[in-house]
Amino acid sequence: MSEAILEVENLVKNYGAFRAVDGISFAIPRGRVVGFLGPNGAGKTTTIQMLLGITLANGGSIRYFGRDFARHRLDCLRRINFTSAFNTLLGRITVWENLVIFGGLYGVANARKTIRALLDEFEIGDLADAFYKNLSAGQRTRVNLVKCLLNDPEIVLMDEPTASLDPDISDKTLSLIERLKRERGLSILYTSHNMDEVTRICDEVIFLDHGRIVAQDTPDNLTRRFARASLRLRLEGASADLVAHLEAEKLDYTLPDAHSLVVNTAESLIPGLLFGIANAGSRIVDIEIEKPTLEDVFLDFARNKGERR
Amino acid sequence: MRIHRIVAVLWQEWYVTIHSTEVIVDIFFHPLLSIVLFGFVSQFLSGSDQSQAGKILLQGLLLWQVIWIVQYSVTLGSLWNVWSRNLSNMFVAPMMVREYLAAQLLSGIVKAVAIVVLGGAMAKYLFGFDVLDMGAVPLLLTFVNFVFFGFATGIAVIGVIFRYGTRIQALAWGFIFVFQPLSAAYFPVSVLPPALRWIAYGIPLTLSYEGARHGLLNHHEVAWGMFGLSFAENAVYFALCSLLFAHLFRRSRDTGQFARNEA
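Just so you know, the sequences run in chain order A and B. At the far end of the first sequence sits residue 309, using the numbering used here, and the numbering has no gaps. At the far end of the second sequence sits residue 263, using the numbering used here, and the numbering has no gaps.
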C-alpha cells in the first residue's frame, strides 16, 4: 500500500451522552478516492468536521502526512482543502474577489496567475467578475472546486459536492473530479448519498452507521459481500420437479407466471443454480441477472441498523 | 502571525464594504447623521447658561462612534461569513484565530479613523466644534482606549454568537449600548447618583471620557492619572474578554455549534 495521506485512529466524538462517532479508524493512501457513506446521523459530517478542525474530537488521533493534526494544524491545513455543497463563498462579492481572499489565506505564490489558470481550466474564466450569489448551482460548484485547488492540496475533503445539481451538471462535475484524481494524483475523501457516483469515482468505500465503521472495501467487493443478485429466468414451463428442486434447495424464489422464475440469491451461487434448474427438467429460454448495486448495500445497512456487523 | 493572511482578511472586509450599501450606510450614514443631530442640539445648548454642555455632548457622541464602529466592524465581519456559510471555509484555511482577529481590529481602526476625520470635519465646518479642542494627546489616548474597548467587546460578542448561534446576533448591534448610560459619554460622572459612580468608574470608558472632557475644559491639559487608570482597566477588561472568547470559541467547536452556525 502507498503512503497514507490521512490516518485516523480510534476517533471519538460525544455530544453530551450521545456518541456521534464511536472509535473509528481508517487511512487514505495517496491518490485514492475514499467514499464516506452512511444514513443520516451516521456520523459522516461530524467526522469531516473533526478532520477539518472545526469540531473538536473527544478522543483518538488524526494524522495528515504523518503529522499530528492537533499539534501541527497550520502545517496540515496548508496541504489540504475542503469543498461542500453546504458551504458557499461570500455571495455579495465577485468570484475573483473571493478567490483572491483565499489565495491570500493559503499564501499562494502568484495567486492571481494561479486563479486565472484554474478558472480557465474549469472553463469559468468569464465568471471572474460575476457576483457569487448570481451563479447557478453548477457554476458555484466549479468555483468552489477552484477555491479548493488554489493551494495545490494533496488531499481534498468533499462533502456532497454534487448535492442539488441536476444530472447533467453533476456528471460534468464528476468528470472534473475524475480528471483531478487522474492528473494531479489527488487523494479525496468523498461523501455523497448518490451511490452511482460513489461507485463511479471511489476506489474504496467506508460505511458508517451509528458512528461506527460497519464495512470498508472496494465498491465491487461490498456489493459482492452484502447484497444478493436477482436471477430472472424465462422457462418453457415450470415443472413439478423444478418446484421440488427449489424447495429442496431452500431458495428464495417466486413464480410470477407459468413461464417465469425469479430467484434471489448470492451472485456466486448463480452458475450452480442454473445447472440445477436445467437438471430439474426446465428448459431455460432467457436469462436476466440484476446485479446488486452499492445502493442495495446502503439500503441494507439503513434498514438493518446495527444488526449487521 | 503572517501578514499575508491578515491582508487577505482585510481584502475581504474591503470587498464586502464596497459592495454592501447597508455597510456603507451603517458605517457612515448613521454616525454622520447623528453628528448633524447632536450638532444642532449643541448649538441650541450653546445659547444657554450651559455653554460647554453642547461641546461636551458633541465630543461625547463623536468619540462614541469610535467604540461603536470598532465593535460593529469586528462582529459584523464574522457575521457576514456566517450568513454566507463561508465561515468554515475561512477557518479550515491555514489561519490562526489571532490573525483573523488582528485583521478585524485593523479594519475597525481604519473605519474609526475615517469616522473621526469625516465626523470631525463636519462638526468643525457645520457647527464650529473642533475635535482637537480637547488636545491632540487626550484625543489620541481616548481613541486608543476606545478602540481596544470596542475590540474587546466585539470579540466577546463574536464568542457568544459562535457559541450560541445567530439567534442572538442582535447583540452585534445592541450590546455596546449597555455601557453608554454608565460610561458618562455625554455628561460628567458627577451627574450620576453616588452609588452608580463607583460602577461607572469600573468601566474603562468612563475615565477616558472624563480625561477627554478634562482636556476640553482645561486647555488641552492631559489628565494622565485618569488615562493611566483607564488603560489599566482596559487591559483587565481586554484580558477577560480574550479569555471569554477563547473559552466560547473552544466550546463552540466542542459542542459542534461552530459548524451548525452555518446550517
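To be clear, the hints were calculated from the coordinates, so they are not data collected in a lab. Wrong hints could be hidden among the right ones.
[Unchecked claim] Among the chain A residues that face chain B by a calculated CB cut under 8 Å, a handful are: (1) Thr88; (2) Leu90; (3) Gly91; (4) Arg92; (5) Ile287.
Beta carbons are placed, not taken as given, at the ideal position from N, Cα and C, and that holds for glycine.
Under the constraints set out in the numbered hints, which ones does this structure not fulfil? 5
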